[in-house]
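Peer 1: Make the full structure from the sequences, and use the hints.
Chains as they are written, first to last, in this note's numbering: chain A, 1 to 229; chain B, 1 to 220.
It cannot be assumed that every hint is accurate.
Stated by the list, open to error - Pairs of lysine to any residue, SDA-like flavour, derived with a Cα cap of 20 angstroms:
id, chain 1, residue 1, chain 2, residue 2
1, A, Lys135, B, Glu74
2, B, Lys75, A, Leu98
3, B, Lys111, A, Leu109
4, B, Lys178, B, Ser205
5, A, Lys135, B, Ile56
6, A, Lys182, A, Glu205
7, A, Lys135, B, Tyr49
8, B, Lys119, A, Gly112
9, B, Lys185, B, Gly170
10, B, Lys135, A, Tyr110
11, B, Lys111, A, Ser115
12, A, Lys135, B, Lys111
13, A, Lys161, A, Arg118
14, A, Lys182, A, Gly144
15, B, Lys111, A, Leu98
16, B, Lys111, A, Asp96
17, A, Lys135, B, Leu109
18, B, Lys112, A, Arg118
19, B, Lys111, A, His137
20, A, Lys29, A, His212
21, B, Lys75, A, Val132
22, A, Lys8, A, Glu68
23, A, Lys82, B, Leu109
24, A, Lys8, A, Thr58
25, B, Lys75, B, Glu61
26, B, Lys82, A, Asp96
27, A, Lys135, B, Lys82
It should be emphasised that the hints constitute simulated quantities derived from the structure, not laboratory data.
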Amino acid sequence: MIKTKHLKKIYTTEEVETTALNSINLEVKEGEYVAIMGPSGCGKSTLLNVLGMIDQPTSGEYNFLGEEISKYSERQRAGIRKNNIGFVFQSFNLIDELTVYENVELPLLYLGYSSSERKKRVIEALEQMAIVPRKNHFPQQLSGGQQQRVAVARAVVGHPKLILADEPTGNLDSAHGEEVMKILGDLHESGTTIVMVTHSPAYAEYSHRIIHLFDGNIVSENIQKEFKI
Amino acid sequence: MISLKNITKYYSTGFVKTFVLRNINLDVEEGEFLTIMGPSGAGKSTLLYILGMLDIPSSGEYYFLEQKVHRLNEKRLSELHKNFIGFVFQSYHLIDDLTVYENLETPLLYKKIKGSERKGRVCDMLDRFHIVAKKNLFPNQLSGGQQQKAAVARAVITEPKLILADEPTGNLNTKEGKEIMELFKELNNSGTTILQVTHSEKNASYGQRIINLLDGWIVD
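Peer 2: What follows is the structure, encoded as structure tokens:
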């Protein structure tokens, strides 16, 4: 599903150049569950953003579902992203002006589903995350755990092939953290590919494979369990 | 526009009632720019959330544009909130996988506004907030100040009558903070009512009136 070759990302500010990703060669197969670990500032989030096509690599190749996308225009990448990728962020990323229902519905508006199909899918996702009774609330009226469940519902409502999760439990207490990890585990069971950035060794154990990043390089890889297609 | 009468808010734990707001009486006229100040824990944010209908008082009456807010059900509250109120928070709450343009457009998608008008409004906001050049970028490609500008732009794109701002410059440096305050000033000059919570005397000086809260009471 994902194959990168010599992926490099350099940030340039006035005088300094910072190498966020040095030369990343990474392969993720469809149906895999991969965890990315490493100290703060080692390039984990940058890698996830580049894989999610919300940041552009400085150089290198990125093959996604058989298409070489590094040369694609923003519009082409947006099309691929919206149809295939769901995001879960540490800070939930909900729109305060919209209700829970509308927040979850949002990706479907961009995919052009009919209103009846949208309704069906939104309710299905809200049910899956057990937040139906909250559907008319605004994000600020919910607890952190509930907000993250809404965010996961939004990430999965378009039935993406790939979920990218950046510290999905970072703002949650352990009980709510467990809950979100269980939800990601269920999604993986049902066939979704997951790439997750985490600081928590315990949560990384949920994956097939742990990749360790340091100073913009992959320094080691641990196979957790055998991955069979 | 707003009239609060004897608004009280408390939380019950076991047999103990912890009061956050006590006997709040407050009137706000349309077009005012009002600042709520006070130490941490004084009840400022709770008051703002009650005004924004995101929280419900334990007792008292709240009138908003002649409507008895304290009598309304959840659905009506949610409608009032959506149609008249824009909320700006200290943290930005942008969606990281949508561009700046798309982030701004989202509240309009739910307002039955047609495509060409949506485009016009988004472009107008980008222009007013000096972020036209950023419209195709993602939030993580912007500075903190630019992200907050985008967040404020999104909060006001539906032209709310009332803006509630909870420490809107709390995460910004002095220059970025000043820019946001100037934008609020402009919005106020064009008729928008603004209520802000802040610790900063400087930010308070942009408004016309200051309310001080202490231990849940309004004090002089």
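Peer 1: Please go over all the hints and tell whether each is borne out by the structure.
Peer 2: Now for the hints, and whether the structure bears them out:
With a C-alpha separation of about 11 angstroms, the suggested pairing of Lys135 of chain A with Glu74 of chain B holds against the 20 angstroms cut-off. The suggested pairing of Lys75 of chain B with Leu98 of chain A holds, with an alpha-carbon distance near 13 angstroms, which does not exceed 20 angstroms. For a cut-off of 20 angstroms, the pair hint linking Lys111 of chain B to Leu109 of chain A stands: about 13 angstroms separates their Cα positions. With a C-alpha separation of about 12 angstroms, the suggested pair Lys178 of chain B and Ser205 of chain B falls inside the 20 angstroms cut-off, and the hint holds.
Restraint check for Lys135 of chain A and Ile56 of chain B: the C-alpha separation of about 18 angstroms stays at or below 20 angstroms, so the hint holds. The suggested pairing of Lys182 of chain A with Glu205 of chain A holds, with an alpha-carbon distance near 12 angstroms, which does not exceed 20 angstroms. The suggested pairing of Lys135 of chain A with Tyr49 of chain B holds, with an alpha-carbon distance near 19 angstroms, which does not exceed 20 angstroms. Distance check on the hinted pair: Lys119 of chain B and Gly112 of chain A sit about 18 angstroms apart at the alpha-carbon level, within 20 angstroms; holds.
At roughly 17 angstroms between alpha-carbon atoms, Lys185 of chain B and Gly170 of chain B fall within 20 angstroms of each other, so this suggested pair holds. Distance check on the hinted pair: Lys135 of chain B and Tyr110 of chain A sit about 17 angstroms apart at the alpha-carbon level, within 20 angstroms; holds. Restraint check: the Cα-Cα separation between Lys111 of chain B and Ser115 of chain A comes to about 15 angstroms, which is no more than 20 angstroms; the hinted pair holds. Only pairs whose Cα atoms come within 20 angstroms are accepted, and Lys135 of chain A paired with Lys111 of chain B is accepted, the gap being roughly 18 angstroms.
Proposed proximity of Lys161 of chain A and Arg118 of chain A is supported: the alpha carbons are some 18 angstroms apart, at most 20 angstroms. At roughly 16 angstroms between alpha-carbon atoms, Lys182 of chain A and Gly144 of chain A fall within 20 angstroms of each other, so this suggested pair holds. For the hint linking Lys111 of chain B to Leu98 of chain A, the alpha-carbon distance of about 11 angstroms falls within 20 angstroms, and the restraint holds. Simply put, Lys111 of chain B and Asp96 of chain A have alpha-carbon atoms about 15 angstroms apart, close enough for the 20 angstroms limit, and the pair holds.
Restraint check for Lys135 of chain A and Leu109 of chain B: the C-alpha separation of about 18 angstroms stays at or below 20 angstroms, so the hint holds. Taking the CA atoms of Lys112 of chain B and Arg118 of chain A, the gap is near 16 angstroms; set against the 20 angstroms cutoff, the hint holds. With a C-alpha separation of about 17 angstroms, the suggested pairing of Lys111 of chain B with His137 of chain A holds against the 20 angstroms cut-off. Taking the CA atoms of Lys29 of chain A and His212 of chain A, the gap is about 18 angstroms. The hint holds against a cut of 20 angstroms.
A distance of roughly 15 angstroms separates the Cα atoms of Lys75 of chain B and Val132 of chain A; the hinted pair therefore holds under the 20 angstroms criterion. In summary, the hint linking Lys8 of chain A to Glu68 of chain A is supported, as the alpha carbons are separated by about 15 angstroms, within the 20 angstroms threshold. Distance hint between Lys82 of chain A and Leu109 of chain B is fulfilled; the C-alpha atoms sit about 17 angstroms from each other, no more than 20 angstroms. About 6 angstroms separates the Cα atoms of Lys8 of chain A and Thr58 of chain A, which keeps this hinted pair within 20 angstroms; it holds.
Taken as a hint, the Lys75 of chain B and Glu61 of chain B pair is honoured in the structure, with Cα atoms around 18 angstroms apart against an allowance of 20 angstroms. Taking the CA atoms of Lys82 of chain B and Asp96 of chain A, the gap is near 10 angstroms; set against the 20 angstroms cutoff, the hint holds. As the CA atoms of Lys135 of chain A and Lys82 of chain B are separated by approximately 15 angstroms, the hinted pair is consistent with the 20 angstroms bound.
Every hint, counting from the list given before, is met by this structure.
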